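K.L.:
Sequence:
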Amino acid sequence: MLPNFRRFVAIRILSASGSAALAGVSPGPLTQYVNVFTGTAQNDNPGNVFAGAAVPFGMAKVTLQVAGYSPAGYVSESTELARGISPLHDSGTGSSEGSFGNFCIMPVVCGGFADCPTLEEPRGLRRVGDGKNDTGFPGYFSTTLVNGVQIELASTQAASLERYIFPAGSAPTLVLDWTDDSPHSFLYGQMQADWPAQRIIMNGTWRSSFGPSQFSYPAFQCVDLSLAGSITDRTLFGGNVNGMDARRDDLDFWDLPLPDFIQPLQAGALVRFAAPSGENQSILVRRGVSFTSAQRACENMEREIPDPDFDKIVTNSNAQWEDKLGRIVLSNDTSDYIRRLFYTSFYRTFLSPNNATGNAPPPYTDSGHPYFDGLYCSWDTYRTLFPLMALTSPREMAQIADTYVDGWRREGWLPECRANNVLGWTQGCNNAVLIVADFVVKYADHAAELGVNLDEFWQALEHDIEATPANWDYTGRRQESYQKLGYTAYNYLESGSTGQRTREASRGLEYAFGDFAAAMAARALNKSDTSSALFERSLSYRHNFNPDLESDGYKSFVARRFPNGTFAPGSNPVDCSPLDTNSSHECSTQSTNTFGIYESSSWEYSLYAPHDVAGLISVLAGGSSSQTDDKNETFAKRLHHFFDAGYYLPGNEPSFQTPTLFHHVGQPGESVRQVRRIVYDHFSLERGGLPGNDDNAAMASLVVWHLLGLYPVPASGEMLILSPFMPGYEIRNELLGNVPVRVTGFDPASLARDIPQGSRAFVGTLKLDGVAVGRCRVDFDRLFAARDVEFVMTAEERAGCDGQEPSSVSTGGFT
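According to mature numbering (1 follows the signal peptide of the UniProt record, and there is no 0), the sequence shown holds residues -20 to -1, 1 to 795 in order.
Worth flagging that the hints you see were computed from the coordinates, not collected in a lab. Keep in mind the model is a prediction, meaning the values are calculated, not measured. Mixed in with the good hints, there may be bad ones.
Estimated spans, in silico, between C-beta atoms of each pair [claimed, not checked]:
| hint | residue 1 | residue 2 | range |
| --- | --- | --- | --- |
| 1 | Ala226 | Gln570 | 32 to 42 Å |
| 2 | Asp532 | Gly783 | 30 to 40 Å |
| 3 | Glu474 | Gly545 | 15 to 25 Å |
| 4 | Ala226 | Asp110 | 37 to 47 Å |
Yeah, the Cβ is synthetic: ideal placement off N, Cα and C, and Gly gets one too.
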């Protein structure tokens, strides 16, 4: 039996130091297991996770903006100064200067009004405990500044309600920042105050956090100060780091046009309120945000928070989180630690992207389709986040897939890395193809019910794998040599198209996998001729391997290749791996990244052909006609060396699939061993509990898959079978129905980094409605067609897959 929970439980939310949260409500039965601070530490591998008040996929993500390195605005356990409370943030993105962080409100405690600080550095304050005392749960956040002001935050989809509790005897005073976002990229804008109504509207245009400098984005805010009591003093201010600190109390409107010379200006409003009667110096601020207009921001605020009841807003937000987390319900006897790790990770998969439908900037303002922002980057999220969304949340996945396709409708291309509502840099390749294709493969039969047009979906997919963009740095593919030669050639001049001439080998591999994804979508749409041609083209990944390139006694690694077919000299598969000690070369999007791989090593990318691992095994064996057993043995040894030598990089997306590659050589038990080690070595509930950037919940979704005992092959229905970390669970899909999963013979002793001898850690077989389907793979459609799913556990580490080997294109799989 799955637990029958009641709506709320009588618990108190504690910070790391044991202090209780201030809110008059508590989290629900599932949200109580979420640690919103996991991944927020500013350590060597920061997770860049948003911690604050938000609803699922909320556009308004309100939290404390901390100075220094803080891509998500908030960081815990930091001595950096707080800059204020901002309602706009992303989660788990790696932009080093940060993303959004607009419209900070900072509570200040000062004597005379003229003495109150306004500019960013003078008003900045540390937190009590430097973040260790901050508290929160899904839908609620609280912190206390060293000036004694306690802050509580709640939010709706596009609005926030903020409570500021000032020390007794002080006059509540707020600084409303107009110009400063996290990277200080303000260009121009307007601010207008309606002092009698105690309402201020602000707008501005800022630079994107991850895209070409010619792109900028607008944002709008509407602030209602009437809930805080009567304003006794107010002024507009403007200043800079060069000594300017001017104020004007005779103004109610300020227009800052784009100057010819950029001299960053810090500007906003300073307001003071009459002290509330009694000991509780508490004031409320209500505000709305939009990317469309100030009027829309005010409408959002008034519609979503008509009643400024703080506890009610928290309760409603928490209820939305309960609904999302309830899409996978774990059995009652799941261990407390695994339950907390699961729901903490599952929670983050609903934080982003940000649903800004109805609040979109041009050219999407008048679109009748959904609009989501924070799609950066698809290279991070196609592997595990969107396949997990397909498992539990078809309507949200349909909306986000339609958002991608609307990019093609409105701007001519699927947005690859849309950040701050504008096109962002392409990373691996045009990986949006894989996300749209994954949706088509799994939900083509439900298109009408989900309100999407599959003809347009296919047109967008076909366009993005065949058309040549003007600039492949932020749309489409580096296409010309790939279509002519079957690989992205090094030292090749394209005509009529431009972009960075880097990352040639990894681009070629990813383009081939993109072709596979499009082939799968074409097959789902009964386009057999197109599908066959694309399956064939997907095997072009093989052209990127230099059979003579050697490292650690192993041969055949991906490397840059000239148009004449020869390979560029000087390639070293160790470059940009964890064992690379040379800090003089770049490994990411830099133009000086000259070794042909993106954010990874050739050791890692040479294991990347998710759609054709059987063919990859032959390539790595030199294309020989040796016996299959010999090839598999060589491949298994290479995999073991990859992990044992230290080439595995847990915080890097190309490594996600690598632990499961043992399935392809008949060693599913070894995949289980590797996954156990990865979960226990690299993930925890601590504030520094991620191996690196969460990457828009790529890491979070990976952990969820591992704990469920499955791993997806993107853009297909295939899932590899691992070993569940709990004795049962139920997947609740509002469209496809509920799937109860039993783990017969579950052995708690097997939940260890190193599996104890004799413990039942391995899957003997998976049964669907009582019929055994093997121990290596299961199909999405077959899983949801079953009404009884049973993992049968055993202590015996059996070889082989019972005739259910993972699919590969070159051996007839998938096609």
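K.L.:
So which of those numbered hints doesn't the model satisfy?
P.N.:
4
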